[in-house]
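K.L.:
Sequences and hints are given; from them, build the entire structure.
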Amino acid sequence: SAVISQKPSRDICQRGTSLTIQCQVDSQVTMMFWYRQQPGQSLTLIATANQGSEATYESGFVIDKFPISRPNLTFSTLTVSNMSPEDSSIYLCSVGEGPTNEKLFFGSGTQLSVL
Amino acid sequence: QKEVEQNSGPLSVPEGAIASLNCTYSDRGSQSFFWYRQYSGKSPELIMSIYSNGDKEDGRFTAQLNKASQYVSLLIRDSQPSDSATYLCAVILLGAGSYQLTFGKGTKLSVIP
Numbered sequence: 004s005a006v007i008s009q010k011p012s013r014d015i016c017q018r019g020t021s022l023t024i025q026c027q028v029d030s031q032v033t034m035m036f037w038y039r040q041q042p043g044q045s046l047t048l049i050a051t052a053n054q055g056s057e058a059t060y061e062s063g064f065v066i067d068k069f070p071i072s073r074p075n076l077t078f079s080t081l082t083v084s085n086m087s088p089e090d091s092s093i094y095l096c097s098v099g100e101g102p103t104n105e106k107l108f109f110g111s112g113t114q115l116s117v118l
Numbered sequence: 106q107k108e109v110e111q112n113s114g115p116l117s118v119p120e121g122a123i124a125s126l127n128c129t130y131s132d133r134g135s136q137s138f139f140w141y142r143q144y145s146g147k148s149p150e151l152i153m154s155i156y157s158n159g160d161k162e163d164g165r166f167t168a169q170l171n172k173a174s175q176y177v178s179l180l181i182r183d184s185q186p187s188d189s190a191t192y193l194c195a196v197i198l199l200g201a202g203s204y205q206l207t208f209g210k211g212t213k214l215s216v217i218p
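First to last, the sequence lines map onto chains U and D. Positions 4 to 118 (this note's numbering) are the ones given, in order, by the first sequence. Positions 106 to 218 (this note's numbering) are the ones given, in order, by the second sequence.
To be clear, the hints were calculated from the coordinates, so they are not data collected in a lab. It cannot be assumed that every hint is accurate.
Per the computed footprint, the stretches of chain U lying under chain D, defined by three or more beta-carbons under 8 Å from a beta-carbon of chain D, are [said to hold, decoys possible]:
#1 42-50
#2 110-116
Below 25 Å or equal to it, Euclidean Cα-Cα: the simulated DSS-like pairs (lysine-lysine) are [what the hints assert, rightly or not]:
#3 K147/D to K10/U
#4 K10/U to K172/D
#5 K10/U to K161/D
#6 K210/D to K106/U
#7 K172/D to K106/U
#8 K106/U to K161/D
We put the beta carbon where it would ideally sit given N, CA and C, even for glycine.
P.N.:
Pasting the structure below:
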């Protein structure tokens, strides 16, 4: 399986600021996924990032709040913009394997706390 | 609205016992089913996948799928303290060239030495 490096591992941010999370994969992958895991909640897909095209956002997530870049087949960033305490969560990038990328492998995650 | 339901636990079992983790899903069209293990403070790790009705065994882990009952389970034999973690059930529906992987909230397992 791919090795996925994610940083920062954790951060404490002030309300109204933005944080960019980076995800680096050790092999070329078509699709990268960004998930959020709030305390006591299930993993929720934020968006799917394909190289060379706009990210596809899930219901409840918008590009202005969570802009994503995918400049090449091994790298992606997720920005959490204009943060509020409700954005405090773990953010995870992942890549899929299998015919439809159904088997997910996750980065180590970013623990975000917004004050 | 596709849903995946799990008992949040905690489920406590003594060391050496069989731990049984259960998951139900709402979408009859679901095709693929996964179990992830998540240690505290760590990211989820894929441990089992199952696509057909019946049992699939991998070491001490057995996944069981019953599509008619919309039920998937994970059995852990000879449970060890190192198995203590949260286990996430995930279900995927294939179709129309895309898919949506839906996770349950997870069951926290505690194996007591």
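K.L.:
Among the hints numbered above, which are violated by the structure, and what are their numbers in rising order?
P.N.:
As far as the earlier hints go, 4, 5 are violated by this structure, in ascending order.
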